[in-house]
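J.: Protein chains in written order, with our numbering: chain R, 165 to 474; chain U, 53 to 348.
By construction, these hints were calculated from the structure, which means they are not laboratory data.
Everything numeric in this text was worked out from a predicted model, so none of it was measured.
It is possible that some hints are incorrect.
To be verified - What the simulated footprint calls covered on chain U by chain R, stretch by stretch (three residues with Cβ under 8 Å from a Cβ of chain R suffice, anywhere in the stretch; the number is not a length):
{"hint": "1", "region": "157-166"}
{"hint": "2", "region": "201-215"}
{"hint": "3", "region": "266-273"}
{"hint": "4", "region": "284-292"}
{"hint": "5", "region": "319-325"}
Beta carbons are placed, not taken as given, at the ideal position from N, Cα and C, and that holds for glycine.
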Amino acid sequence: MAAAAVLVLPLVAPPYHVLLMLPFMAYAVILLGLNLLFGYTGLVSFGHALFMGIGAYTGAVLTTHLGVRSLEVILLASAVLGALVAAPVGALCVRYVKIYFSMLTLAFGMLFYTFLLKFYRLTGGDEGIRVLRPSLLGFDLGAVSKIDYLAGPYYYYSLGVLVLAAICMWRIVHSPFGLCLRTVRDNPAKAESLGVSVTRYRWYAFVISAVYAAAGGALLGPPTGNVDPTLAYWTHSGNIVFMTLLGGFAHFFGPVLGAFVFIFLQDTVMSVVPYWRLIFGAILAFLVIFAPGGLMGLFAGRRAGEVSRA
Amino acid sequence: MVTGNLVNILMGGIFHAAILFLVAAGLQVVFGVQRIFNLACGSFYALGAYVGASAVNAFTGAGGPPALFIVPLALAGLLVGVVGVVVERGLLAFVYDRDETFQLLLTFALVLMLEDIVRLTWGTAPYSTSALYLAYGQVNLLGATVPVYNLIVIGASLAIALGIGWLLTRTVFGRIIRAAADNREMAEALGVDMRRVYAKVFTLGTALGTLGGALVIPATAAMSEMGIELIVEAFAVVVIGGLGSMRGAFVGALVVGVFRAVAIAVYPELEMLMIYLVVIAVLVLRPRGLFGRVAV
């Protein structure tokens with residue numbers, strides 16, 4: 165049902181709503197990765213805006229400065245860069261857990277934010293850089309109007325990336341590797357005694373989630389045509405943790421639902437009042453206090469718990 | 053001339069450090085006792101700034117003598133700290149038995165709400181007091197011209213630091229706070245009402261933040277983003293100094309304040325970049341900070 169609806173949406177829905185689906189799909193990719201760290205490994209990163217920023221700026225620098233237009237190349241370069249940065253950053257961060265992990269990731273995220281802000285020759289400072297329209301699968305779609313491009317080919321391309329990302333993540337979390345991550349989360353001492361290197365598995369999860377965040381970040385750029393440092397600001401990291409909690413971190417599709425509800429609810433609220441933060445802050449407070457399982461926890465009830473154990 | 057410049061930079065840094073110390077001290081006392089890293093302490097700072105500015109404007113508008121503006125300013129900054137009780141009793145009290153991830157997220161919810169409450173109340177344009185910054189004149193200090201107001205704030209912050217030290221080490225309440233920070237169950241078993249302690253501690257932490265915000269306001273304009281910007285600096289302070297340590301907040305604030313002032317003067321591109329590098333270096337080499345006691 166949902167799959168069919170997503171497929172025909174560009175044909176039936178007004179372009180406005182189709183365009184809103186684009187950030188949703190980008191965030192869904194990011195959150196699938198973030199939840200490998202948050203839901204499955206038990207580490208809350210407050211610095212994942214760093215990797216979204218890397219992905220988004222990779223796309224911008226490649227298209228604007230280096231003349232590379234292929235979105236496949238952009239995604240690949242983002243993923244590789246994300247992994248290259250995440251490898252040393254993750255190695256330092258995963259030595260800590262809980263609040264210390266969150267703080268160290270936040271510090272790295274803000275380091276990158278300051279870098280984006282201050283090295284304006286490369287990054288355009290607080291103005292950011294333009295993202296030129298990328299070609300998809302080798303097709304140069306420069307002649308198509310912007311709406312037709314975004315609501316047509318780009319929409320299906322993003323959807324393809326999201327589906328691919330979801331399938332990969334599904335395989336990851338349902339593999340022995342995914343099982344190890346959950347053991348690391350639930351009982352690190354036992355995992356260690358069974359021969360699972362806790363820090364190494366945390367590091368794997370960190371790098372994989374960074375690759376997802378970078379790839380998703382690269383998808384965020386083209387719809388707006390511009391990237392700026394707020395993408396890498398710490399509140400952005402907070403927002404994606406919020407989305408994950410909103411959907412339900414204990415469920416595989418919880419983060420996807422969270423991204424969807426967040427994007428569309430934010431749009432609805434902002435069309436009425438500009439104070440979406442006030443309302444969303446209240447929602448977040450409500451979730452934390454009364455429904456830490458998120459929407460999936462509310463709707464699926466017991467089932468959510470089963471899936472998290474599966 | 054050269055010393056004058058140097059003194060100017062240093063005094064600017066120390067003024068900033070004095071404000072940072074107040075906010076960071078609020079963060080520390082809450083973390084030390086309640087084990088909650090309060091992301092909203094920057095938002096309390098912003099709230100204090102706006103309320104302080106409003107109070108001063110109302111005061112001068114009613115014909116109060118400009119020389120006394122610091123009285124309504126400080127009073128407003130302290131009084132608005134009572135939101136701490138509301139937040140603690142109304143929100144945080146529900147999540148003490150939860151994972152600290154949820155506590156952190158709850159304070160993030162506060163950040164979001166307070167930012168818009170400020171926008172809703174005072175609008176989006178920068179909000180400031182009429183020119184009172186130099187109401188106390190300026191003094192010449194080793195060739196530099198320093199506003200007397202800055203010296204007052206630095207003095208007040210020092211006095212508050214000493215006051216907190218006295219409170220923690222010489223009073224019954226301080227002993228209870230330290231006992232609660234050390235071993236909550238034992239303190240409770242010995243008859244300490246933790247709910248009251250938590251409410252008081254959180255209010256103290258909030259009031260330190262709001263006072264910091266109020267005191268900064270004659271020198272700058274209040275902006276709705278000032279809270280989320282300051283929290284990352286306060287965060288740097290407590291990491292460098294060590295989570296939960298008052299001495300750490302003091303030294304950390306000086307390090308961050310002066311470092312930042314020097315970086316801005318020497319090579320502006322480096323500004324906060326330097327601070328984050330110091331933070332990461334401290335977290336990697338000495339995760340408990342310079343004065344922290346609790347091992348990770």
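J.: Against the structure, test the hints numbered earlier, and report the numbers of the ones violated in rising order.
T.: Hint check: 2, 3 fail, others pass.
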